[in-house]
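**Student:** So the protein lines, in turn, are chains A and B.
Numbers given in my numbering equal positions in the first sequence, counted from 1, plus 47.
Numbers given in my numbering equal positions in the second sequence, counted from 1, plus 8.
To be clear, the hints were calculated from the coordinates, so they are not data collected in a lab.
If you're wondering where the values come from, they're calculated on a predicted model, not measured in any experiment.
Treat the hints loosely; a few may be bogus.
[As the list claims (entries may be wrong)] Stretches of chain A that chain B covers, calculated by requiring three or more beta carbons in the stretch to come under 8 Å of a beta carbon on chain B:
(1) 62-68
(2) 75-82
(3) 92-101
(4) 123-133
Heads up, the beta-carbon is just placed ideally off N, CA and C, and yes, glycines get one too.
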Amino acid sequence: MPVDIDIAKVARLARIALSDEELELYGRQLGAILEHAERVQALPTEGVEPTSHPLPMTNAFRDDEVTGSLDRDVVLCQAPEAEGPYFRVPRILEGE
Amino acid sequence: MTDPADLTITAAAAALRGGEITSVELTEAVLRRAAVTEAQLHAYLTLDQTGARRAASDADADFAAGRDRGPLQGIPLALKDNLCTRGMETTAGSKILAGYVPPYDATIVTKLRDGGAVILGKANLDEFAMGSSTENSAYGATRNPWDPDTVPGGSSGGAAAAVAAGSALGAYGSDTGGSIRQPASLCGIVGMKPTYGLVSRYGLIAFASSLDQIGPLSRTVQDAATMLEAVAGFDIHDATSYRGEVPDISGSLTAGVKGMRLGVVKELSGEGIDPQVAAAMWATLDALSDAGAEVVEVSMPATEYALSAYYLIAPAECSANLARFDGVRYGLRVPGDTVEEMMAATRAEGFGPEVIRRVLLGTYALSAGYYDAFYGQAQKVRTLVRDDFRRAYEQVDVLVSPTSPTTAFPIGAKAADPIAMYYSDVCTLALNLAGHPGMSVPVGLDDAGLPIGFQLMAPALGEEPLFRVGAEIERLVGFDARPALATSEVTGP
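I would like the entire structure built from these sequences, with the hints used as guidance.
**Tutor:** Below is the structure:
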């Protein structure tokens with residue numbers, strides 16, 4: 048059975064502005080993919096530990112030494128908009 | 009005489025050291041080839057002729073001064089365009105990164121430059137490495153040099169096409185669910201995915217971080233070994249990189265397969281596999297058996313669920329990784345009244361349909377109320393897949409299957425059907441879930457003259473047996489066919 052998705056909500060969470068036609072198309076395609084993905088729910092997994100990473104990993108530490116970093120101006124010159132030492136973006140907070 | 013563009017890396021390295029050719033001559037031959045083939049293939053997004061010529065003449069100066077920086081000195085190579093190159097545009101095949109010039113080199117690029125390699129440019133790919141045909145590139149599809157009406161596979165399709173056509177002697181790509189092995193198979197070359205963590209991913213534009221790995225595409229198994237050894241090893245900049253000893257690879261390439269146990273994965277070798285692909289696999293196994301290997305069938309039932317688990321895990325991780333493309337620090341920005349409107353408009357404009365599909369899918373699978381049912385369950389299936397591999401390796405040294413269920417398919421054939429496209433990776437992606445090394449080796453051509461690949465899989469850090477069997481297959485099968493397009497002759501009206 049196709050999975051029913053609130054696709055407008057998902058698109059909002061993903062920060063992608065989609066038209067009504069696009070929402071309809073992606074909603075339908077995702078429903079079909081998730082219907083397929085429901086196969087994994089049929090597998091008995093009681094007591095199975097989830098794998099989040101392929102290797103047994105522990106924190107990787109390095110010595111606490113100051114090292115070089117990227118040049119600020121070189122980094123900022125890739126920004127769509129910069130002002131002084133900052134990335135510039137449109138208004139974040141509502142009101143004055 | 010062989011056109012230098014058709015030399016293997018091993019042969020070119022010997023010719024460079026024997027004074028039979030200079031790196032400038034070699035590089036010019038490859039650029040000449042690219043000038044002819046690119047009109048049809050579109051394997052490259054950026055071809056840096058000036059930088060390549062400079063690196064080649066530097067390499068020649070080193071040779072003349074008796075400085076040998078390693079086996080890739082003077083060798084012209086391509087890089088998949090999701091590997092950051094300082095001062096050279098890096099787009100990951102996406103409109104959202106059009107014009108992005110990284111301020112730093114990926115660790116493997118640093119290693120290649122230090123080793124004197126000649127970097128030709130950046131190879132085309134499916135946007136952010138999401139796809140199996142290179143049709144998802146925002147800059148147009150790459151075509152297969154064996155038949156330009158077919159796809160080269162993906163997502164490292166530009167890299168595979170360049171190596172097959174002779175517009176690079178070798179290339180580095182990335183493999184998240186088969187993105188090195190599957191295009192290598194469809195283009196008739198060798199493609200190798202190392203053990204997770206063996207090659208630093210610092211500077212690789214991330215797709216799915218628990219699956220991504222960088223590896224070589226080349227014309228021979230020996231070349232792949234040389235390319236892997238040149239870039240493997242711990243890197244302080246990649247917390248997931250492996251701290252132990254790098255496996256010895258080149259040393260055992262001629263050891264043969266006598267006494268080795270090979271397991272054919274039943275679930276990856278029967279249903280859904282093109283009969284000609286299956287026949288080529290069995291013929292190769294017969295040859296290996298004659299050479300002294302023991303061949304058995306192995307059942308790995310959870311691999312049937314690997315595709316479904318993969319298409320939850322990879323999108324979930326991609327939705328998190330691609331959050332960084334928001335119009336703030338680099339790349340495209342579409343104006344908006346608020347920062348949120350700006351981000352949403354930028355991402356809608358900058359991402360192509362497959363990337364949007366996967367980001368939405370991953371966002372959904374990770375969202376409150378669905379996490380356990382989809383993502384959590386997929387991670388448990390991942391454990392079952394790993395358990396299947398562990399049990400299989402109690403019986404055998406190396407597992408085998410076809411690399412791709414079919415040979416190259418026509419351009420456009422699967423473009424409208426995401427799920428059909430996902431099935432292109434059905435044989436390759438279980439390996440990524442396990443984090444193990446794998447390789448595709450060409451073993452023949454089908455009736456249409458398109459290459460067939462044979463997949464080898466080994467346990468974590470099992471590169472030694474993997475390459476040993478790969479090299480033996482190469483000797484036994486003697487695949488030496490080259491695509492018609494691999495020519496520097498200008499033809500046509």
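**Student:** For each hint, tell me whether it holds in the structure or not.
**Tutor:** Here is what the structure says about each hint:
1. Using a Cβ-Cβ cut-off of 8 Å, 4 residues of the segment 62-68 of chain A lie near chain B, which meets the minimum of three, so the contact claim holds.
2. As drawn, the segment 75-82 of chain A meets chain B at 5 residues by the rule of a beta-carbon pair under 8 Å; at three or more, the given contact holds.
3. For the segment 92-101 of chain A, the assignment as covered by chain B holds, since 8 residues bring a beta-carbon within under 8 Å of that chain's beta-carbons and 3 suffice.
4. Counting residues of the segment 123-133 of chain A whose C-beta lies closer than 8 Å to any C-beta of chain B gives 4; at least three are required, and the coverage claim holds.
When held up to the earlier numbered hints, the structure conflicts with none and fits them all.
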